[in-house]
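Novice: Quick note on my numbering: the sequence shown kicks off at 1298 and runs consecutively.
Be aware that one or more of the hints could be misleading.
[Said to hold, decoys possible] Listed below are the simulated PhoX-like cross-link pairs for lysine-lysine, each with C-alpha atoms no more than 25 Å apart in a straight line: (1) K1470 with K1342; (2) K1457 with K1431; (3) K1431 with K1342; (4) K1342 with K1410; (5) K1457 with K1342; (6) K1470 with K1457; (7) K1461 with K1431; (8) K1410 with K1431; (9) K1342 with K1461.
Quick caveat, the hints were computed from the structure, so don't treat them as lab data.
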Amino acid sequence: MKKISAILSVIISQIAFSQVIIGNETGSASNKTSVLLEFPTGQNKGIILPYTRTLPSSPNEGTILLDASTSNASRVKYYNGSWIDLSGQNGDLTTALSAQPTESQVQEEPNAKVIIGSNSSTASGVLVLESQTKALLLPTAESTDAIPNPSPGMMVFINKNGAKRLAVFNGSKWSYWMSTT
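The task is simple: from the sequences and hints, build the whole structure.
Specialist: Set out below in structure tokens:
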């Protein structure tokens, strides 16, 4: 029932061009004018990136995914004209992928996508956040230690005094990115 409610809320918000909050009614941002998609605080959960067994040949800039083309050397990557590794180390998805259907077992709909922020988009992707003025506000956690069983491809913002950073889980290890400014 929760999944149906979440899917319906995404679809309804897409039609209304409004902001989407997943998990509760208030989210985490005090000022919502620049937020397109957000999550509640205190949940110690992240957003799970899609696994891909084949990297897209012509992705849109800003695409983020878990590269599972080599199951025992998976890495979180984003595209900015070329693929950039966010993991810095290999993860092992062998067990996780054994529970997933293979490419031959799935009929992909190449144009299927959910768009938040607009009624159309030329960008390809499973979830497209389309806005010139709004952005995704990542789920937050005090520490990756507060997430006991992270899923491969999990991304979360660590909101700890003196240690604010992006954390990505490649299936085996967490990697951290911190702003230098």
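Novice: Next step is simple, just say for each hint if it's right about the structure.
Specialist: Quick rundown of the hints versus the structure:
1. Among the hinted pairs, K1470 with K1342 is consistent with the structure: their alpha-carbon atoms are about 16 Å apart, no more than 25 Å.
2. Of the pairs offered as hints, the one joining K1457 and K1431 holds, with about 24 Å between alpha carbons and a cut-off of 25 Å not exceeded.
3. A threshold of 25 Å between alpha carbons decides the hint, and for K1431 with K1342 the separation of about 22 Å falls inside it, so the pair holds.
4. Distance restraint check for K1342 and K1410: the Cα-Cα separation of roughly 23 Å lies within the 25 Å cut-off, and the hinted pair is therefore satisfied.
5. A hinted pair counts as satisfied when its Cα atoms are at most 25 Å apart, and K1457 with K1342 qualifies at roughly 15 Å.
6. Distance check on the hinted pair: K1470 and K1457 sit about 20 Å apart at the alpha-carbon level, within 25 Å; holds.
7. Between K1461 and K1431 the alpha-carbon distance is near 21 Å, which keeps this suggested pair within the 25 Å criterion.
8. Distance hint between K1410 and K1431 is fulfilled; the C-alpha atoms sit about 19 Å from each other, no more than 25 Å.
9. Among the hinted pairs, K1342 with K1461 is consistent with the structure: their alpha-carbon atoms are about 16 Å apart, no more than 25 Å.
When the structure is compared with the earlier hints, no violation turns up for any of them.
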